[in-house]
Amino acid sequence: MEEAKNLSNSSQQEENNARRGFLKKLGLVVGAGAAMTAGAVYLGYDHEQKKNPDGKKVRVLTADGQLMEVSEAELIEAANQGTNEESELQRRGREGLPGKHWVMVIDLSKCRNARMCMAACQGAHHLRPEQHHINVLRMQDAENTEPYFMPKPCYHCDNPPCTKVCPVDATFKRQDGIVLIDNQRCIGCRFCIAACPYSARVFNWIEPLKSEEDKDIPYDVELNVPQRKGTISKCLFSADCLRKGELPYCTRACPNGVYYFGDLNEDTVTNGTTRETVRFSELIRKNGGYTVLEELGTKPQVYYLPPKNRLFPYQYEGKTTIDPEDSRVGGGRG
Amino acid sequence: MSVNKLSTEESYKSLDKIETDLLRPMTHHKGFELWILFLILIFIVGGYAYFIQLRDGLGVTAMRDYSSWGMYIGNFVFFVAASLIGMFISSVLGLLKIKWITPITRIAEMIALAFAMWAGIVIVIDMGRPDRLLNVFLHGRFQSPILWDVTVVSTYVAISLLLLLLPLIPDAAIIRRRLPNLPKWQMKIYDLLYLGWEARPEQYRIIKKAMRILAILIIPVALAIHTVTSWLFAATLRAGWDSAIFGPYFVSGAFVAGVAAVIIAMYFFRYNYKLSDYITDFHFNRMGQVLVLVSAIYIYFNLNEYFVPAYKMRTAEKLHLDEMFTGHWAILYWFTQIACLAIPSFLLIFKRMRRPFTMLWLSVLVLIGAWLKRFLIVVPVQQHPYLPIQNVPESFHHYIPTGIEITLTILPFAGVLLIITIIAKLFPVISVWEIAHEKGVDESIIK
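Line order of the protein sequences matches chains A and B. Per the working numbering, the first sequence starts with residue 76, numbered consecutively. Per the working numbering, the second sequence starts with residue -1, numbered consecutively.
Hints listed in this document are in silico derivations from the structure and should not be mistaken for laboratory results. All C-beta atoms in this analysis are idealised placements derived from N, C-alpha and C, irrespective of residue type, glycine included.
Label-pair ranges, simulated between beta-carbon atoms:
1. K132(A) to I119(B): 49 to 59 Å
2. D233(A) to I398(B): 33 to 43 Å
3. E163(A) to Y309(B): 51 to 61 Å
4. K132(A) to H137(B): 37 to 47 Å
5. D129(B) to E163(A): 17 to 27 Å
6. I329(B) to T396(A): 31 to 41 Å
7. G363(A) to A294(B): 44 to 54 Å
8. D129(B) to K132(A): 37 to 47 Å
9. T396(A) to H137(B): 42 to 52 Å
10. K290(A) to F394(B): 22 to 32 Å
11. W332(B) to E205(A): 28 to 38 Å
12. I398(B) to P388(A): 37 to 47 Å
13. E163(A) to L193(B): 54 to 64 Å
14. W332(B) to D216(A): 26 to 36 Å
Please model the complete structure; the sequences and the hints are all you need to start from.
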């Protein structure tokens, strides 16, 4: 219509050329938009049609045990659909568990450096001995204070510096608070390692430990297995276990009752060793719970109970004092 | 500035001499093939090193979980820094109407373009999964400073390329007239580039206006590329990187590196291309003064960056600063700060030091220091995270670059030299028409 109006205005044709060109282009854009809308409407219609076909319906059991009825025409064979299984794992992995806000409490008075947590974690995630999703550190806060052991997982910060800097959304925070890695997306720039003030992240500098055995396993973003060369890995709060209603690997493996794990929304945490469930808020309040380097503003979701009334006094390689090289702790605590 | 207009006869004579002098290196370049062969050799060795890195992973470097950024990132910062010089010479000095820069603008722009282009490749060398480079565009998220860097660096490459190409238009016309016997493929480039240049007043008006617009546009973009690069560090919470002045600190350092690089290139072209009538002692003197100025600004930022935290010695900063001032990195640190920055810039205050030969060596020192400084900004900070480094192999505590890393750090330099060599072979390194214009040659005959 505008086109026609323009043409009629022949006396100013010269000046209108530019305008016409623009309007033509605009027309094209509008036209394309209209065509796309029509296409979308048609597709929607088509989809609706498919939803109510005259064809036969069959009953199927879903992976989580629910009985569903679907039309036969929509059935796709699940076998040999590795990519589909993977995309399903990706979808639910990125989404997380609705209504949850996972939180961990680590009781430093009970840790004796047994390192069962480290072993269980490395086994589950197919890590090399030097790759730690959880690392038991030897710490000393000040010159005259008593050294202690401090297991350090990823803190799954509520204001995570690592996910902010990721250029490709390969590390992200889910609705249930877990910070995950997608090693199929990761480009290996290691900006997240630079950004994490807690050194929680590890990199696959060389071929991962079990890359040969794992190569046919569909990638589970909640377990980060198979690990991939040239990509990041880190503690995932055992998101795969949580989906199955189990406590994380490290929490279950601890023989000394160091770990509590639970849901902040329910205000309960369960001890991985004793299976005792307690009020999170009460546990923290009564025991002087704190988070590490909270002044950085990262809002860690892993809380510590201070190492007082120790069950296991500090002893490492036969020494009850800490090697000064060991405990070079920096940070705002100083 | 008023230029004495030459008469028509004088104009032809003067233009002829300028053209002969400046175009001569395009056809007489001793050892050109040998030099290209040498660069290609570096490419072959570097290519093999990169093949090994791709095959075996970044584990072939000395980078590990704690020092997870190493020489490659330091090199990247250096390349971005060196590329800022194009903007500094042609835009900042150009817009201030400083006339003596005419014979060195193209040299500066060649350096800028070559370093900026290779900066992009250097960063790919550092990637764990270069095969997923496209993810940056497919899944890019704009809150990551990496995305900002990709955006501004590619914009800078584009503007730098235009800023190099535009003044080549009249020169391409001159080459077509003066050197018609060049190989066919080469002539095609000039046919494409000269865009029907006839030295008409209107053409002059358009080209000067376009160059001016680009010169203005490039300033914010150039500032952005190095500011954003500094934010890759400053945007983290690590002591030693967590600094509010990182932007201007990096930019001021970039000018030091760039000016030194241009002085080295000026020296090379002056003697190898026999251009001492054009790149004169006067130009070296001036560039020496510029180097003193930019170094002084950089020293000022260094004072702020190191001595303000050192006055307070907060725990995390102290660990880092102790290692720099008196610890593991002390020799490298003081060599960089004193031998490569303070001493050269102090010596250049004196006029008799501002001569081509002494300036060449002082600039080489400054440039080495500029590279080392980037290394010292990137690496040591990572070795003192807030929580101690424990239960990992000894190699995780240190960072000593491997042979493959060193090779892949040298490779991009060969790449930069190759780009500069090719541009300098295809075009005069000094803008013919602008020099002729400056000497008062009748504008209408410059075609």
